[in-house]
Amino acid sequence: MPVKPQAAGRVCVVGSLNIDLAVRVQAHPGPGETVLGSSLERRYGGKGANQAIAAARAGAHTALIGRIGEDRPGHDYRAMLHARGIDCDHVGVTAGELTGHALITVDDGGENSIVVIAGANAQLAPWDIDRAFDAINDADIMLLQLEIPESTALYAARQAAAAGTRVLLNASPWTAPV
Numbered sequence: 001m002p003v004k005p006q007a008a009g010r011v012c013v014v015g016s017l018n019i020d021l022a023v024r025v026q027a028h029p030g031p032g033e034t035v036l037g038s039s040l041e042r043r044y045g046g047k048g049a050n051q052a053i054a055a056a057r058a059g060a061h062t063a064l065i066g067r068i069g070e071d072r073p074g075h076d077y078r079a080m081l082h083a084r085g086i087d088c089d090h091v092g093v094t095a096g097e098l099t100g101h102a103l104i105t106v107d108d109g110g111e112n113s114i115v116v117i118a119g120a121n122a123q124l125a126p127w128d129i130d131r132a133f134d135a136i137n138d139a140d141i142m143l144l145q146l147e148i149p150e151s152t153a154l155y156a157a158r159q160a161a162a163a164g165t166r167v168l169l170n171a172s173p174w175t176a177p178v
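Taking our numbering, I'd label the letters of the sequence shown as residues 1 to 178.
Since the hints were derived computationally from the structure, they do not count as laboratory data. The beta carbon of each residue, even a glycine, is placed where N, CA and C say it ideally should be. Warning: the hint list may mix true and false statements.
[Claimed, not checked] Distance ranges between label pairs, derived from CB positions:
no.: 1; residue 1: Gly30; residue 2: Asn137; range: 49 to 57 Å
no.: 2; residue 1: Leu103; residue 2: Gly59; range: 32 to 40 Å
no.: 3; residue 1: Arg72; residue 2: Asp134; range: 27 to 35 Å
no.: 4; residue 1: Gly37; residue 2: Ala161; range: 40 to 48 Å
Please model the complete structure; the sequences and the hints are all you need to start from.
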């Protein structure tokens, strides 16, 4: 199938939405060590939502396909994205799950360590991609990353390619093959 020309500035992002809890530390703790933090910030994050925000800020019509939990932070997050002009019609709610979270420590040198708890992001499935066919078909480019199930990311890429939509993958977080 021929690839669509680049022009309209329509972006479809398939990816994660996380609540980031970032702590400043003098130095990262070693195994079994406890360190004191100097601050705590709660921010909206997740590689997928970050890509959607960046695309919308750049002026692209942006649709996000993802999952939040059945919790207040997730609903607040979706409302914030919608207020920024991002089409969140395909951000589903997963009953009985929490929205994804990331625990981040940042040391005085600016180095960070991140632990991601997938939460509802782990439930993003091929049927979510099928339900969002119009958003994929209308897009000039699909942005993906790997904070969602790899099988869903691969399925989304195949659907986009079949629709003539270009695909750009941020291969993070990378997992070594077993």
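Verification of the hints:
no., hint, verdict
1, Gly30 to Asn137: 49 to 57 Å, "holds (50 Å)"
2, Leu103 to Gly59: 32 to 40 Å, "holds (33 Å)"
3, Arg72 to Asp134: 27 to 35 Å, "holds (29 Å)"
4, Gly37 to Ala161: 40 to 48 Å, "holds (44 Å)"
Going down the numbered hints, you'll see the structure goes against none, and every one checks out.
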